[in-house]
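The listed protein sequences correspond, in order, to chains E and X. The opening position of the first sequence corresponds to residue 0 in numbering that gives the first Met the number 0, with each subsequent residue numbered one higher. The opening position of the second sequence corresponds to residue 0 in numbering that gives the first Met the number 0, with each subsequent residue numbered one higher.
In short, the hints are calculated from the structure, not lab data. Every residue, glycine too, gets a C-beta built ideally from N, C-alpha and C. Accuracy of the hints is not assured; some may be wrong.
[What the hints assert, rightly or not] Stretch by stretch, here's where chain X covers chain E in the computed footprint (C-beta under 8 Å, at least three residues):
(1) 116-129
(2) 158-167
[Said to hold, decoys possible] If you anchor each label on the Cβ, the simulated ranges turn out as follows:
(3) E:P26 x X:H135: 37 to 47 Å
(4) E:L91 x X:G11: 51 to 61 Å
(5) E:L91 x X:E286: 25 to 35 Å
(6) E:W172 x X:G238: 45 to 55 Å
(7) E:P96 x X:K170: 45 to 55 Å
(8) X:Q57 x E:L103: 49 to 59 Å
(9) E:W172 x X:S71: 34 to 44 Å
(10) E:A94 x X:H135: 26 to 36 Å
[Unchecked claim] Here are some chain X residues the structure puts well away from chain E; computed CB gaps all over 12 Å:
(11) S71
(12) R78
(13) K110
(14) A146
(15) L182
(16) H195
(17) E198
(18) L216
(19) R270
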Amino acid sequence: MFRRPDFLWVYAVIFIAFLYGPVLLMPIFSVNDGNFATFPLKGFTLRHYSSMAANTSMMLALQNSLKIAILVAVLSTTLAIPAALAITRFRLPGAGPIVSFMMLPLVIPSIVMGVALLVIILKFLGIQLSLWTVASGHILICLPYCMSVLMSRLEGFDPSLEEASRDLGCNAWQTFVRVTLPLAMPGVISSLLMGFIISFDEFVIAFFLTGTENTLPVYLYSQLRFPNKLPGTLALGSLILLVSAVFVVLAEIIRKRGVQSGNPGDL
Amino acid sequence: MTETAPIIAMSGLVKRFGTLTVLHGINFDIERGEFFSLLGPSGCGKTTLLRILAGIEQPSEGSLLIDGQSMSGVAANRRPTNMVFQSYAIFPHLNVEENIGYGLRNIAISKSEAAERVAEALALVKLEGLGKRNAHQLSGGQRQRVALARALVCRPKVLLLDEPLSALDKKLREEMQLELRALQRTVGITFVFVTHDQEEALTLSDRIAVMDKGHVLQIDSPRGLYERPVNRTVAEFIGSMNLFAGQVTRVGADGVVEIEGPEGRFRGVARPGLSSGDAAVAAIRPERIRIMRAAPDAGVNAVSARLQASSYLGDRSLHVLQGAATGQQITVQSGPAVDDTPAGGGSELWLGWDAEAGLILPG
Chain E
0 MFRRPDFLWV YAVIFIAFLY GPVLLMPIFS VNDGNFATFP LKGFTLRHYS SMAANTSMML
60 ALQNSLKIAI LVAVLSTTLA IPAALAITRF RLPGAGPIVS FMMLPLVIPS IVMGVALLVI
120 ILKFLGIQLS LWTVASGHIL ICLPYCMSVL MSRLEGFDPS LEEASRDLGC NAWQTFVRVT
180 LPLAMPGVIS SLLMGFIISF DEFVIAFFLT GTENTLPVYL YSQLRFPNKL PGTLALGSLI
240 LLVSAVFVVL AEIIRKRGVQ SGNPGDL
Chain X
0 MTETAPIIAM SGLVKRFGTL TVLHGINFDI ERGEFFSLLG PSGCGKTTLL RILAGIEQPS
60 EGSLLIDGQS MSGVAANRRP TNMVFQSYAI FPHLNVEENI GYGLRNIAIS KSEAAERVAE
120 ALALVKLEGL GKRNAHQLSG GQRQRVALAR ALVCRPKVLL LDEPLSALDK KLREEMQLEL
180 RALQRTVGIT FVFVTHDQEE ALTLSDRIAV MDKGHVLQID SPRGLYERPV NRTVAEFIGS
240 MNLFAGQVTR VGADGVVEIE GPEGRFRGVA RPGLSSGDAA VAAIRPERIR IMRAAPDAGV
300 NAVSARLQAS SYLGDRSLHV LQGAATGQQI TVQSGPAVDD TPAGGGSELW LGWDAEAGLI
360 LPG
């Protein structure tokens, strides 16, 4: 065994500081007793957190974002399940091109998508911009992510499990409920979390497609013009960071557990 | 239906995948209570045929009756068959009991009766006490038993088994062969068993269908297949067989046919259909050949050969010889007695056998 060179430690520390330093400044300034995000720090306070709760327009934007994110997560996962099943379970003619076509939104810049959707919604469909139009735009960009998560899960298990279920007297629907869905559950949960995070985080499409109401990222951007609002947004940002971290850890635990009890159909 | 009618009747079953035809017109019946094997090399269509019986695949042409009922348009979940999959297909999210009881939820029986049947099935496959185990805590042999119990608990009219022993090691496989055979006698259900292992098929089956390239070559009892194979493919697939090429010179009224080839003249039993001048082979099993030091008087079924190697296996000895005329390899098996074991390599010997022990097959 070779001795690990010391400079690698230094490199690793710098690397991690570069990755997480800016993010960690946010919670620090959010408890700083001052109106500007500058050093030196002035003292500990939670007043930004309490003022944040009193900021009704910010709370409203947060609510909007949560509502949209939940709706998007559930709908895009629900839409992706049958599509992923069809692609992994049947020998479809042209399955390859269909999959590439469905994955296309991954590589289309969201600014292009935003403009295109805006034109379609306003000019062709004549629909008023609202949170609903934001949600539908988000579903469009979340679908390929949900699809790929679900497809990799569904491809991972032995098709004879479903055949066995049919053989033991279950029809197609019962087989889906009793075998396919439980085995795909880690994938379904990943897909829900993925949809939620992508939608909650998304700025460009929300900016183009929203009506009078704001989602949180759009609201935060509009507030950056007012320097005295900054600590409040930092406080909210820190909370979001905390919740996201919990989500990611949860998703990882669920995925790991899926892998352990899973390896479905192996010998 | 009368009790003597076949449980499965297949006529003209054809299966195509795209342009590839994997089954060419399968016609045969499987009798009630039989242990029936489909035997053939991989890719011969045996698993596809089993999946058609189960209803997982649909035939492209032909008809299938199970217990007198047409199976056309009847989905897998409505058929009186259950299957043991090659991978066992144990549901990983359910424990042993839940796996075994899976099919019972689809039958109109009470919860207590279902629990009773699961306990019975556990006992039948000797897994008492393991009901609460998780699927991933089971060994290969235990998984196989769970798969068996899960299929049998539904009391199918036919149990379909797709190479269920191929994933087990040799010792466990031999144990399970005996158990499977005993189990089939206990439950009295018709078993249709797919295997590529001829020894396994011979050990287990009442009757065997030998398949090759989507055709059924022969359906017979193990003894029938071994002693009266219909052609070279069957003869070489079941056990080992020495073949000597030649042309038919005489067709006797008693079914005895004589051929002549480079290694000599051979006389043996043949099925009708051969006539003078046809290409044919004389087939003789290694254990039916006698080794002699001098040429036999008759001059028929006598091959001059040179000994290359002998191996002593305790209960028998195996000798590999080279035919003097063609140099082809000949295998001879002799009994444990030492007196017929030829001495030394390279010695010139004569091989002979009785006409009734040899077969003449179409070349």
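**Q.** Range hint 37 to 47 Å (beta carbons of P26 of chain E and H135 of chain X) holds or violated
**A.** Holds - the Cβ-Cβ distance for P26 of chain E and H135 of chain X, about 42 Å, lies within 37 to 47 Å.
Q | Claimed clearance of chain E by R270 of chain X, with the beta carbon kept past 12 Å | A | 40 Å, holds
Q. Cβ-Cβ distance between W172 of chain E and G238 of chain X: within 45 to 55 Å?
A. 49 Å, holds
Q) Falls inside 34 to 44 Å, the C-beta gap from W172 of chain E to S71 of chain X? A) Given range 34 to 44 Å: violated, Cβ gap about 23 Å.
Q. Count the residues of the region 116-129 of chain E with a beta-carbon closer than 8 Å to any beta-carbon of chain X: does the count reach three?
A. Since three or more residues must qualify, the claim that chain X covers the region 116-129 of chain E is violated, with 0 doing so at under 8 Å.
Q: Taking the shortest Cβ-to-Cβ distance between H195 of chain X and chain E, state whether it exceeds 12 Å.
A: 18 Å, holds
Q: Could you let me know if the closest chain E CB is still more than 12 Å away from the CB of R78 of chain X?
A: 8 Å, violated
Q. Any Cβ of chain E at or closer than 12 Å to E198 of chain X, or is the non-interface label fine?
A. 23 Å, holds
Q) Taking 8 Å as the C-beta cutoff, is the stated coverage of the region 158-167 of chain E by chain X satisfied by three or more residues? A) holds (count 8)
Q. CB of L91 of chain E to CB of E286 of chain X, is that within 25 to 35 Å?
A. 55 Å, violated
**Q.** K110 of chain X remote from chain E - nearest C-beta pair above 12 Å
**A.** Per Cβ check, K110 of chain X is outside 12 Å of chain E; nearest 17 Å; holds.
Q: Could you check that no beta carbon of chain E comes within 12 Å of the beta carbon of A146 of chain X?
A: Check fails; 8 Å does not lie beyond 12 Å.
Checked against the numbered hints given earlier, the structure breaks hints 1, 4, 5, 8, 9, 12, 14 and satisfies all the rest.
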